[in-house]
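Number of protein chains: 2
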Amino acid sequence: MSRPNLQIACDHSDLPSALADVKQVGDIVDIVEAGTILMLQAGADAVACLRALYPDKIIVADTKCADAGGTVGKNCADAGADWMTVICSATIPTMKAAAKELEEVQVELYGDWTFEQAQRWLDAGISQAIYHQSRDALLAGETWGKRDIAKVKQLIEMGFRVSVTGGLSVETLKLFQGIDVYTFITGRGITSAADPKQAALDFKQEIVRIWG
Amino acid sequence: MSRPNLQIACDHSDLPSALADVKQVGDIVDIVEAGTILMLQAGADAVACLRALYPDKIIVADTKCADAGGTVGKNCADAGADWMTVICSATIPTMKAAAKELEEVQVELYGDWTFEQAQRWLDAGISQAIYHQSRDALLAGETWGKRDIAKVKQLIEMGFRVSVTGGLSVETLKLFQGIDVYTFITGRGITSAADPKQAALDFKQEIVRIWG
Chain A
1 MSRPNLQIAC DHSDLPSALA DVKQVGDIVD IVEAGTILML QAGADAVACL RALYPDKIIV
61 ADTKCADAGG TVGKNCADAG ADWMTVICSA TIPTMKAAAK ELEEVQVELY GDWTFEQAQR
121 WLDAGISQAI YHQSRDALLA GETWGKRDIA KVKQLIEMGF RVSVTGGLSV ETLKLFQGID
181 VYTFITGRGI TSAADPKQAA LDFKQEIVRI WG
Chain B
1 MSRPNLQIAC DHSDLPSALA DVKQVGDIVD IVEAGTILML QAGADAVACL RALYPDKIIV
61 ADTKCADAGG TVGKNCADAG ADWMTVICSA TIPTMKAAAK ELEEVQVELY GDWTFEQAQR
121 WLDAGISQAI YHQSRDALLA GETWGKRDIA KVKQLIEMGF RVSVTGGLSV ETLKLFQGID
181 VYTFITGRGI TSAADPKQAA LDFKQEIVRI WG
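Chains as they are written, first to last, in full-length UniProt numbering: chain A, 1 to 212; chain B, 1 to 212.
Take these hints with a grain of salt, some might be off.
Restricting the straight-line Cα-Cα distance to at most 30 Å, the calculated cross-link-like pairs of lysine-lysine (DSSO-like) are [as the list claims (entries may be wrong)]:
hint : chain 1 : residue 1 : chain 2 : residue 2
1    : B       : Lys-96    : A       : Lys-146
2    : B       : Lys-74    : A       : Lys-74
3    : B       : Lys-100   : B       : Lys-146
Here's a subset of chain B near chain A, in silico, CB distances under 10 Å, partners left out [as the list claims (entries may be wrong)]:
hint : residue
4    : Asp-112
5    : Phe-115
6    : Ala-194
For the record, the hints were derived by calculation from the structure and aren't laboratory data. Think of the CB as a built atom: it goes at the ideal place given N, C-alpha and C, for glycine as much as any other residue.
All chains should be built: construct the whole structure from the sequences, respecting the hints.
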């Protein structure tokens with residue numbers, strides 16, 4: 001079992017705030033993400049700025065792309081992204097078109113996706129998936145449960161590298177003990193902390209404690 | 001049966017090109033859309049520029065929002081959008097959160113959505129849907145068929161106002177004769193024409209010929 005990555009999601013509504021927050025933790029984390037909210041506000045500049053600040057980190061463009069995978073993929077690659085996300089309801093041709101343009105594409109799991117669909121993504125060469133607790137679902141009182149953990153396990157057993165995200169804290173990491181999670185993604189779990197740098201270090205330390 | 005709207009989708013990879021194209025047809029169409037590709041590249045400026053140029057038109061932010069509906073909705077409203085889109089795989093809380101921020105929210109139909117889900121959107125107060133031929137599916141050789149038309153009809157019978165989009169031309173409009181389509185959305189069907197203004201007028205004229 002390998003040590004999971006830590007990914008910071010910059011999901012701010014403006015680029016300056018995102019840059020101010022990421023500056024505190026960007027050197028600590030493994031992966032830096034231009035979040036969907038940020039990209040819809042600041043556009044490709046969000047990706048380009050993160051790439052300029054962190055030339056050696058993996059940069060993800062969280063486009064949740066649903067269509068025109070080739071164009072969106074090329075645009076993200078041009079801005080400096082290594083990876084980008086596609087929404088689970090995108091068609092296979094969209095996912096494949098995006099995958100041609102970047103090093104990796106990740107499928108974002110929202111709504112009523114099925115394991116039959118997931119097998120089709122694998123068959124199409126897409127082997128990263130992101131398992132969410134939706135922000136809005138969290139706001140509505142839902143949280144990580146046995147059903148989520150079982151689905152994450154099943155995706156990993158199918159052959160996916162699985163990122164998990166949504167309401168994660170240092171305390172929730174132990175829910176995933178014994179599971180080969182690829183990446184933990186957190187945004188405000190770090191950036192809203194009183195001391196974001198310490199929060200990122202605490203996440204890292206807990207990952208090392210559990211996964212070695 | 002009322003006359004369908006005509007919507008121009010600005011799905012360019014840069015804002016100046018989008019503005020140059022929309023300038024030719026913005027006064028002719030009913031609805032002006034900041035496309036997903038454009039928003040991911042230029043951010044909320046895309047919406048703000050379209051609002052500034054067309055203060056009296058309906059402006060749509062095609063975010064295909066999958067999460068954080070409240071934040072994305074507020075950001076789009078702040079930039080001047082009247083409507084925004086959400087992806088069909090978004091959760092109901094996400095759709096409802098977006099709908100609180102704008103005049104209207106439209107569900108974008110991609111992938112394996114079901115009519116049971118569609119009923120839940122209606123029950124949640126979301127009564128606009130956008131039926132697509134995915135750009136990538138079109139590139140893969142698919143086109144408008146009887147199955148698409150039947151689904152559009154069924155959505156309308158359920159109570160949705162339905163926009164249709166994807167590979168539309170003046171010639172394809174007649175496929176929808178007798179159907180109470182709410183809006184026809186086209187991008188390059190107009191902007192890539194030798195004479196975009198004439199293409200927009202041709203679309204309008206064909207809509208008037210068929211729907212009166």
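Now the hints, each set against the structure:
Between the alpha carbons of B/Lys-96 and A/Lys-146 the distance comes to roughly 27 Å, so the proposed pair stays at or under 30 Å and holds. Of the pairs offered as hints, the one joining B/Lys-74 and A/Lys-74 holds, with about 29 Å between alpha carbons and a cut-off of 30 Å not exceeded. At roughly 36 Å between alpha-carbon atoms, B/Lys-100 and B/Lys-146 are farther apart than 30 Å, so this suggested pair is violated. Hint status for B/Asp-112 relative to chain A: holds, with the closest Cβ pair at about 7 Å, below 10 Å.
At its closest, the beta carbon of B/Phe-115 sits 13 Å from a beta carbon of chain A; the interface hint therefore is violated under the 10 Å criterion. Here the hint on B/Ala-194 is broken, as its CB sits about 22 Å from the closest CB of chain A, past 10 Å.
Hint compliance for this structure: hints 3, 5, 6 are broken, all remaining hints hold.
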